[in-house]
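S.K.: One letter stands for each residue in the lines below.
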Amino acid sequence: MSEPGSVGVVTPQRAHFPEPLVLKSGAVLPSYDLVYETYGELNAARDNAVLVCHALSGSHHVAGTYADRPKSLGWWDNLVGPGKPLDTRKFFVIGVNNLGGCYGSTGPVSENPATGKPWGADFPFVTVEDWVVAQARLADQLGIACFAAVIGGSLGGMQALEWTLRYPDRVRYAGIIAAASKLTAQNIAFNEVARQAILSDPDFHGGHYYEHGVVPTRGLRLARMVGHITYLSDDSMAEKFGRKLRHGEHMYHWDVEFEIESYLRYQGDKFAGFFDANTYLLATKALDYFDPAFDFDGDLPAALARAKADFLVASFTTDWRFSPARSRELMHALMRNGLKVSYAEIDCPAGHDSFLLDDPQYHAVLRAWFDGIEV
Amino acid sequence: MSTDLIQVAESGRYDFDVIARWMKPGERVLDLGCGDGSLLKHLREVRQVEGYGVELDPANIVACVRNGVSVLQIDLEGGLEDFEDAQFDHVVMSLSLQAVRHTERILDEMLRVGIEAVVSFPNFGYWRHRQAILNGRMPVSESLPYQWYDTPNVRFFTIADFEALCERRGIVVHERAAFDEGVPVTQEANFLASVAMYRLGRRA
Numbered sequence: 001m002s003e004p005g006s007v008g009v010v011t012p013q014r015a016h017f018p019e020p021l022v023l024k025s026g027a028v029l030p031s032y033d034l035v036y037e038t039y040g041e042l043n044a045a046r047d048n049a050v051l052v053c054h055a056l057s058g059s060h061h062v063a064g065t066y067a068d069r070p071k072s073l074g075w076w077d078n079l080v081g082p083g084k085p086l087d088t089r090k091f092f093v094i095g096v097n098n099l100g101g102c103y104g105s106t107g108p109v110s111e112n113p114a115t116g117k118p119w120g121a122d123f124p125f126v127t128v129e130d131w132v133v134a135q136a137r138l139a140d141q142l143g144i145a146c147f148a149a150v151i152g153g154s155l156g157g158m159q160a161l162e163w164t165l166r167y168p169d170r171v172r173y174a175g176i177i178a179a180a181s182k183l184t185a186q187n188i189a190f191n192e193v194a195r196q197a198i199l200s201d202p203d204f205h206g207g208h209y210y211e212h213g214v215v216p217t218r219g220l221r222l223a224r225m226v227g228h229i230t231y232l233s234d235d236s237m238a239e240k241f242g243r244k245l246r247h248g249e250h251m252y253h254w255d256v257e258f259e260i261e262s263y264l265r266y267q268g269d270k271f272a273g274f275f276d277a278n279t280y281l282l283a284t285k286a287l288d289y290f291d292p293a294f295d296f297d298g299d300l301p302a303a304l305a306r307a308k309a310d311f312l313v314a315s316f317t318t319d320w321r322f323s324p325a326r327s328r329e330l331m332h333a334l335m336r337n338g339l340k341v342s343y344a345e346i347d348c349p350a351g352h353d354s355f356l357l358d359d360p361q362y363h364a365v366l367r368a369w370f371d372g373i374e375v
Numbered sequence: 001m002s003t004d005l006i007q008v009a010e011s012g013r014y015d016f017d018v019i020a021r022w023m024k025p026g027e028r029v030l031d032l033g034c035g036d037g038s039l040l041k042h043l044r045e046v047r048q049v050e051g052y053g054v055e056l057d058p059a060n061i062v063a064c065v066r067n068g069v070s071v072l073q074i075d076l077e078g079g080l081e082d083f084e085d086a087q088f089d090h091v092v093m094s095l096s097l098q099a100v101r102h103t104e105r106i107l108d109e110m111l112r113v114g115i116e117a118v119v120s121f122p123n124f125g126y127w128r129h130r131q132a133i134l135n136g137r138m139p140v141s142e143s144l145p146y147q148w149y150d151t152p153n154v155r156f157f158t159i160a161d162f163e164a165l166c167e168r169r170g171i172v173v174h175e176r177a178a179f180d181e182g183v184p185v186t187q188e189a190n191f192l193a194s195v196a197m198y199r200l201g202r203r204a
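Chains as they are written, first to last, in this note's numbering: chain A, 1 to 375; chain B, 1 to 204.
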């Protein structure tokens, strides 16, 4: 086998869907676009497609780089490529920017056909279920009747799970990584803090900030800082920053004293510079609402009875935002339905963000799993 | 000889053959300490049994996934409390009982989660082991291949000890098979067998 490589330079594509989409909330999106990328080739049998679902701030840009921006590496480039665990010589891999996103798919920054102005806060609530329906329509356009696998981490893992419930005959394998079948109260609480940071920014203007020529940078920055703390582990933060001081001594001022402050401010500023606040609000609500057991009186095994796929569930020992206990709960519910499921609890120090890293054990499990999928 | 027996004899592992014979096609099986999943793979091939393995070792998790065996990376010492009563037809623990600290609890849990349990263990009463002790040394053999200072085993017991425990805890021995390094032993098992295998149930 040759050295694992990159999928190289990639170009996003756009699909238009002129027919209306009735959303879970009851609202109707009259028409929409989805931006997506593909890597590898769809085989003649059309049975080697793998859908990669993105998390809160992710996008369709899963692997490779853009021609004009050499540093624009896809967010799961360590996983996807020729010779990598999700091998593009075998699989046809698809990344889609979800509805309500800010990377080109129809979202709050798009024009509302009813007003001619950006949707802003009037963009309807979108749920994990809505995203999966929209992704299925894209699969229809691409001529993919059944995915070899659907995989995602965090909020992306929720989409992979929903795929197995909404379209049990359209997904053979599902990879649900660092995810949960529903958020805990604590997890929703973090999302609410993030939302309040944005909603209370004077530049938010009720979500119609585009018209005022401003963006709620301070709110979005705070939201990201809170989120970032929860994505790392206490240990990884201690190892990376500890109590390291910027100036080597206590300055008794409000500027950066500790290196962790500098890091959080940097991450917050970077994020607020490109991400859309309305998209962030919508995506956190999608996380909160997801709960397939809700319509089954909280009975998760009953909710999963429709599923037919073979599952891989993986969690990380230091992930406290989506703890291993939540993954084990899902594992048990799948097992009670007699479904094939493997569960890996990866000992990785990096917290929730571990799912984006190339931890050797994590990638060995994924490689073995993808190798076992016949196409 | 039935076709079944010819098929199961092909595994090359006498203990796998016995376990396969004790199971019916389509059963639900949980294999505790499943290693690389080779028993479950064998049961799938000869008995059409789809089971789940429980394992902690990272390399074995990868090996099970490679073998197409469903494996759950959970710690057995934490018990099986998240499993339901009678969730499985058989809960298997192959050559691992002696390595579990909470012997009674795991046996109870196996017979709660499973309708029946299948266990196998090295017999400390095996004559070569007795001979080693008489000579003043801890036994090292094919079934107990470790030195006293590096053994993962934490419980050392004989066939007689195990059956006394079963009696005391109301565990019924449905079947027993005993072997001396792969050869069946039919008499004086506690003296002549290096490994014992049991199919266990609860007193009705």
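Keep in mind that the hints were calculated from the coordinates and are not lab data.
Model, not experiment: these values are computed from the prediction.
Any given hint could be a false lead.
DSSO-like cross-link-like pairs, simulated, lysine-lysine; straight-line CA separation at most 30 Å [stated by the list, open to error]: (1) 41(B) <-> 340(A); (2) 240(A) <-> 270(A); (3) 24(B) <-> 308(A).
S.K.: Give a verdict on every hint.
M.R.: Structure-based check of all given hints:
1. Simply put, residue 41(B) and residue 340(A) have alpha-carbon atoms about 13 Å apart, close enough for the 30 Å limit, and the pair holds.
2. Restraint check for residue 240(A) and residue 270(A): satisfied, since their Cα atoms lie roughly 19 Å apart, inside the 30 Å limit.
3. For the hint pairing residue 24(B) with residue 308(A), the CA-to-CA distance comes to about 24 Å; that is within 30 Å, so the pair holds.
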